[in-house]
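Work the whole structure out from these sequences, hints included.
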Amino acid sequence: MGGGSVFLFFLVFLLFSSATACGGCVHQATAAHFTSFSALSDGACGYGSMALGFSGGYVAAASSALYRGGVGCGACFRVRCKNTKMCSGRGVKVIITDLNKSNDTDLVLSRPAYVAMARRGMAKALKKLGIVDVEYKRIPCEYNNKNLSIRVEEKSKRPSSLTIKFLHQGGQTDIVAVDVAQVGSSNWQFMSREHGPVWSTDRAPVGPLQLRMVVTGGYDGKWVRAQKEVLPVHWKTGSVYDFGVQITDIAREGCSNCDSQDWK
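Residues -21 to -1, 1 to 243, numbered by mature numbering (1 follows the signal peptide of the UniProt record, and there is no 0), are exactly what the sequence shown covers, in order.
Please keep in mind that the hints were generated in silico from the structure rather than gathered at the bench. It is possible that part of the hints are untrue.
[Said to hold, decoys possible] Below, a list of computed lysine to any residue pairs in the SDA-like style, where the Cα atoms sit at most 20 Å apart: (1) K215 x R130; (2) K103 x P91; (3) K136 x V219; (4) K107 x T63; (5) K72 x K243; (6) K215 x E132; (7) K72 x A44; (8) K207 x H147; (9) K136 x V185.
What you are looking at is a predicted structure, and each value in this text was computed from that prediction instead of being measured.
Below, the structure written as structure tokens:
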């Protein structure tokens, strides 16, 4: 973890032995690609047009198993097609920004991400296939020189109605609970997940505000909070505020096909 005057505290739970845990379980799937960028701007995660700027436009819609009711929004995966004649071994990194409602494939990649899987000179042939067999694994998200940030959504209304969206979440973990309190107070008010990275409450205290959250990395859970003001007294809708910390933890799964090395 980083970010100045921020600290992590107490382990919430440990369900399985770390000896069985893996940070790079490889899964088999199929993938297709979007024919236009417009579909990505309407993604179920609610990132809107911001999604087009994530990872150079290398984003994807995920099946319900990966989307997980929105918990998977913002998660990063490395995906590579299994046609070794057409595709390179390194694959492509994508960020989940949408739900794939089709049962035809597990992943629908943006066109730039899809063709990035191809070997040199094979992009056109790969696009013609439409659907390909792939393998994927979850990887840590990395946002160089950026902390976890919070965008105050337009539906918010001071002082009590607050809706926020998390941006630039690093590491390989999920946010599963969020609380808000006035700076210096121990009277925390829980927030509810609206969808994906968006959380809200109608009982927000008067600012300035501090936040804390529970993040999980597979088997482990912990509280993360900033000991500083995150939202000022006069917070504004549409504004983005620095949480002051970046998450770097690695999620753990239980699997036999563990591959924690970089694909090349």
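Verification of the hints:
The hinted pair formed by K215 and R130 meets the criterion: a straight-line CA distance of about 9 Å does not exceed 20 Å. The suggested pairing of K103 with P91 holds, with an alpha-carbon distance near 12 Å, which does not exceed 20 Å. At most 20 Å may separate the alpha-carbon atoms for a hinted pair to count; K136 and V219 meet this at roughly 16 Å. At most 20 Å may separate the alpha-carbon atoms for a hinted pair to count; K107 and T63 meet this at roughly 16 Å.
Between the alpha carbons of K72 and K243 the distance comes to roughly 12 Å, so the proposed pair stays at or under 20 Å and holds. For the hint pairing K215 with E132, the CA-to-CA distance comes to about 9 Å; that is within 20 Å, so the pair holds. Distance hint between K72 and A44 is fulfilled; the C-alpha atoms sit about 19 Å from each other, no more than 20 Å. Taking the CA atoms of K207 and H147, the gap is near 19 Å; set against the 20 Å cutoff, the hint holds.
A hinted pair counts as satisfied when its Cα atoms are at most 20 Å apart, and K136 with V185 qualifies at roughly 12 Å.
When the structure is compared with the earlier hints, no violation turns up for any of them.
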